[in-house]
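Novice: Protein chains in written order, with this note's numbering: chain A, 1 to 269; chain B, 1 to 350.
In case anyone wonders, no lab produced these hints; they're calculated from the structure.
Honestly, I wouldn't trust all of these hints.
[Claimed, not checked] To give a feel for the contact side, a few chain A residues facing chain B, derived at Cβ under 7 Å:
| id | residue |
| --- | --- |
| 1 | K7 |
| 2 | S15 |
| 3 | T97 |
| 4 | K108 |
| 5 | L131 |
| 6 | M250 |
| 7 | K254 |
Glycine included, each C-beta is placed from N, C-alpha and C at the ideal position.
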Amino acid sequence: MRLIEAKYLSLIRISFKRVNEFKFDFLMRYLEIPMYLIIVYFLWKLIFRFSGKTELGGMEFSRFFVYMVLARFIFISFPFTETSEEIEEIIKSGQLTAIITRPVTFQKYVFFKLNFNTLVDGLLSIGLFLLMSFVMGWYILDDLVYWLLFGASFVLAICLNYFFYFSIGLLSFWADEIFGITQAVRSIRMFFSGELIPLTMFPSTLLTVASLLPFKYMLFNPVYLYLKKYPVPEALHQLGLQLIWTVFFMIFSKILYQKGLAWYNSYGG
Amino acid sequence: MGVKVDTIIKVHQLVKDFKVPKKDVNPSLAKKIWSIFYREWETKRVLKHISFEVKKGEFIGYVGPNGAGKSTTIKILTGVLTPTEGEVQVVGFVPYKQRYEYTYHIGVVFGNRSLLEFDIPVIDSFRLYRDIYELNPKTFQERLDLFSEILKIDQFLHIPVRKLSLGERMRCEIAASLLHKPEVVFLDEPTIGLDVLAKEEIRNFLTRINQEDKTTIMLTTHDMNDIEALCERILIIDEGRIIYDGPLTEIKRKYVQWKRIEFEYHGIKNPVLLREILKKTRVLEQRQKFVSLEVNTLEQDVPEIIGGLLNSLDIVDLNVQEPRLESVIKEIYRRGMNGAGEGQAEQVGP
Numbered sequence: 001m002r003l004i005e006a007k008y009l010s011l012i013r014i015s016f017k018r019v020n021e022f023k024f025d026f027l028m029r030y031l032e033i034p035m036y037l038i039i040v041y042f043l044w045k046l047i048f049r050f051s052g053k054t055e056l057g058g059m060e061f062s063r064f065f066v067y068m069v070l071a072r073f074i075f076i077s078f079p080f081t082e083t084s085e086e087i088e089e090i091i092k093s094g095q096l097t098a099i100i101t102r103p104v105t106f107q108k109y110v111f112f113k114l115n116f117n118t119l120v121d122g123l124l125s126i127g128l129f130l131l132m133s134f135v136m137g138w139y140i141l142d143d144l145v146y147w148l149l150f151g152a153s154f155v156l157a158i159c160l161n162y163f164f165y166f167s168i169g170l171l172s173f174w175a176d177e178i179f180g181i182t183q184a185v186r187s188i189r190m191f192f193s194g195e196l197i198p199l200t201m202f203p204s205t206l207l208t209v210a211s212l213l214p215f216k217y218m219l220f221n222p223v224y225l226y227l228k229k230y231p232v233p234e235a236l237h238q239l240g241l242q243l244i245w246t247v248f249f250m251i252f253s254k255i256l257y258q259k260g261l262a263w264y265n266s267y268g269g
Numbered sequence: 001m002g003v004k005v006d007t008i009i010k011v012h013q014l015v016k017d018f019k020v021p022k023k024d025v026n027p028s029l030a031k032k033i034w035s036i037f038y039r040e041w042e043t044k045r046v047l048k049h050i051s052f053e054v055k056k057g058e059f060i061g062y063v064g065p066n067g068a069g070k071s072t073t074i075k076i077l078t079g080v081l082t083p084t085e086g087e088v089q090v091v092g093f094v095p096y097k098q099r100y101e102y103t104y105h106i107g108v109v110f111g112n113r114s115l116l117e118f119d120i121p122v123i124d125s126f127r128l129y130r131d132i133y134e135l136n137p138k139t140f141q142e143r144l145d146l147f148s149e150i151l152k153i154d155q156f157l158h159i160p161v162r163k164l165s166l167g168e169r170m171r172c173e174i175a176a177s178l179l180h181k182p183e184v185v186f187l188d189e190p191t192i193g194l195d196v197l198a199k200e201e202i203r204n205f206l207t208r209i210n211q212e213d214k215t216t217i218m219l220t221t222h223d224m225n226d227i228e229a230l231c232e233r234i235l236i237i238d239e240g241r242i243i244y245d246g247p248l249t250e251i252k253r254k255y256v257q258w259k260r261i262e263f264e265y266h267g268i269k270n271p272v273l274l275r276e277i278l279k280k281t282r283v284l285e286q287r288q289k290f291v292s293l294e295v296n297t298l299e300q301d302v303p304e305i306i307g308g309l310l311n312s313l314d315i316v317d318l319n320v321q322e323p324r325l326e327s328v329i330k331e332i333y334r335r336g337m338n339g340a341g342e343g344q345a346e347q348v349g350p
């Protein structure tokens with residue numbers, strides 16, 4: 001048996017084609033980077049100076065800066081809320097009917113169509129980041145084991161993001177619009193994923209809360225692995241937790257979809 | 001449920017209920033606030049014991065006013081919805097139970113929903129459907145050649161869908177849904193918003209597919225010209241019940257109860273006879289030497305009236321009109337369930 005059926009490989013091809021059509025749009029997203037670099041550099045330089053410390057969140061300034069930049073690159077390349085919005089569009093526009101009257105599985109259809117697009121975006125983003133690091137002379141990860149750990153964590157982060165936002169999108173079966181929900185989640189995620197500041201700067205109680213939520217595994221973990229901050233055993237432990245969250249949301253989204261269809265069947269959408 | 005070999009769709013005593021929010025005509029403020037958190041639901045019966053059968057190769061029109069239950073029927077037939085009661089079988093499958101396998105045998109086109117990927121060339125969407133339906137390259141190429149010939153889609157196969165006109169897009173949509181040579185095709189408003197020429201091309205194509213491939217086609221539309229041009233048989237649904245099921249040719253005979261006669265004349269030959277004749281009709285309009293009359297076909301014989309007019313007047317021009325299908329259908333909707341029992345369609349003809 002093939003790992004992926006031909007019909008889904010074809011969907012992956014379509015997602016790559018879409019990337020090609022919009023390559024320019026994709027690159028446009030990175031226009032904010034120079035301004036972002038300037039702000040982050042001077043802001044954190046000041047914070048480091050006034051704090052009088054050489055390390056914040058367990059990182060000296062040069063690593064800290066790389067953390068902030070890589071986190072931003074990953075953030076830009078993951079269309080966090082786009083997945084939810086696309087699912088909402090599929091359900092609200094009636095496109096769902098068109099999908100389920102064809103010999104495809106809804107989850108696979110959407111996963112292969114949307115997620116591989118994201119993977120391409122993510123890889124391009126890492127490529128751009130490495131290029132920039134090389135040109136600017138920033139820290140570059142030089143350990144094969146950590147590259148593998150980072151790669152696994154990065155792919156899991158994409159999948160976790162995907163299933164998490166897929167589940168939120170499925171709430172459109174019940175909610176008239178999910179904008180409010182995505183906005184609320186956005187704020188919580190920004191704080192607990194380590195996008196705003198590294199989680200290691202949190203007081204211990206908040207850090208515990210962050211470890212119990214899924215957001216840490218969406219962004220903080222791959223970045224922290226790139227910086228070689230987790231020892232290998234801890235890194236494997238973290239990957240295990242990331243995998244558990246990913247599988248949890250994969251199953252959760254499947255149940256939610258079945259519940260949504262049952263609702264649609266009884267309430268007429 | 002015994003299905004005859006040539007029966008491709010069988011629907012028996014189909015019932016579908018939906019839960020809808022309970023409407024309170026004059027709610028108190030407290031109730032209004034409470035309703036934000038808690039909604040009361042009631043059951044609404046959308047399909048009320050409908051039954052019909054469709055034979056292989058039939059081209060059938062399914063019409064009814066908005067909210068009559070057309071879409072719900074189509075959604076049950078295509079496996080999207082599960083019926084509350086009753087039986088449904090299409091191409092030997094129970095759609096809602098065997099959805100995945102079943103969808104290889106049907107084609108579905110929703111006029112207002114696209115099957116094609118907007119941002120990429122049409123041919124790539126076709127290739128996607130080739131893989132989704134697991135077609136071999138030879139069959140795919142043959143179908144593509146056939147569609148290129150009849151629908152003339154070859155000229156825009158390499159253009160992204162978003163750059164196509166509505167008519168071009170719809171031709172591609174229909175081609176995409178027929179690539180896998182389905183046994184039954186469900187078309188929901190396929191000509192909505194199209195110009196006369198585009199409609200004509202699509203109608204010709206559907207006729208050809210129906211005749212050459214013996215594809216069974218079920219068409220729902222509000223455009224009665226589509227029905228007149230394509231369907232031999234028509235099913236009319238209203239308020240969840242099939243109120244007419246029969247050949248298109250019989251529908252006018254059954255429901256048309258008047259004809260309009262319009263004529264121009266030079267002079268009157270026989271005023272007594274003319275008065276007699278006019279008594280049997282209803283004069284709608286009279287100006288100078290032009291008259292428009294309406295004749296009740298159940299009570300009067302139209303040839304006899306025309307004969308009387310020719311004998312009593314110097315007729316210059318005369319024509320007889322019967323109502324358009326659209327107004328006939330409107331009349332049937334207006335009459336609604338008067339005369340049609342629970343689940344009993346008015347059977348006309350064989």
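Novice: Give a verdict on every hint.
Specialist: Do the hints match the structure? See the list:
A least Cβ separation of about 5 Å between K7/A and chain B falls short of the 7 Å threshold, and the interface hint therefore holds. Restraint check, S15/A versus chain B: the minimum CB separation of about 10 Å is more than 7 Å; hint violated. With its C-beta approaching chain B no nearer than about 5 Å, T97/A sits inside the 7 Å limit, and its interface hint holds. Evaluation of the K108/A hint against chain B yields a violated restraint, the C-beta minimum of about 11 Å exceeding 7 Å.
The restraint placing L131/A at the interface with chain B is violated, with a minimum CB-CB distance near 27 Å, outside the 7 Å limit. For M250/A, the interface hint is violated, the least distance from its beta-carbon to any beta-carbon of chain B being 20 Å, above 7 Å. The interface hint given for K254/A is violated, since its Cβ lies 16 Å from the closest Cβ of chain B, which is over the 7 Å cut-off.
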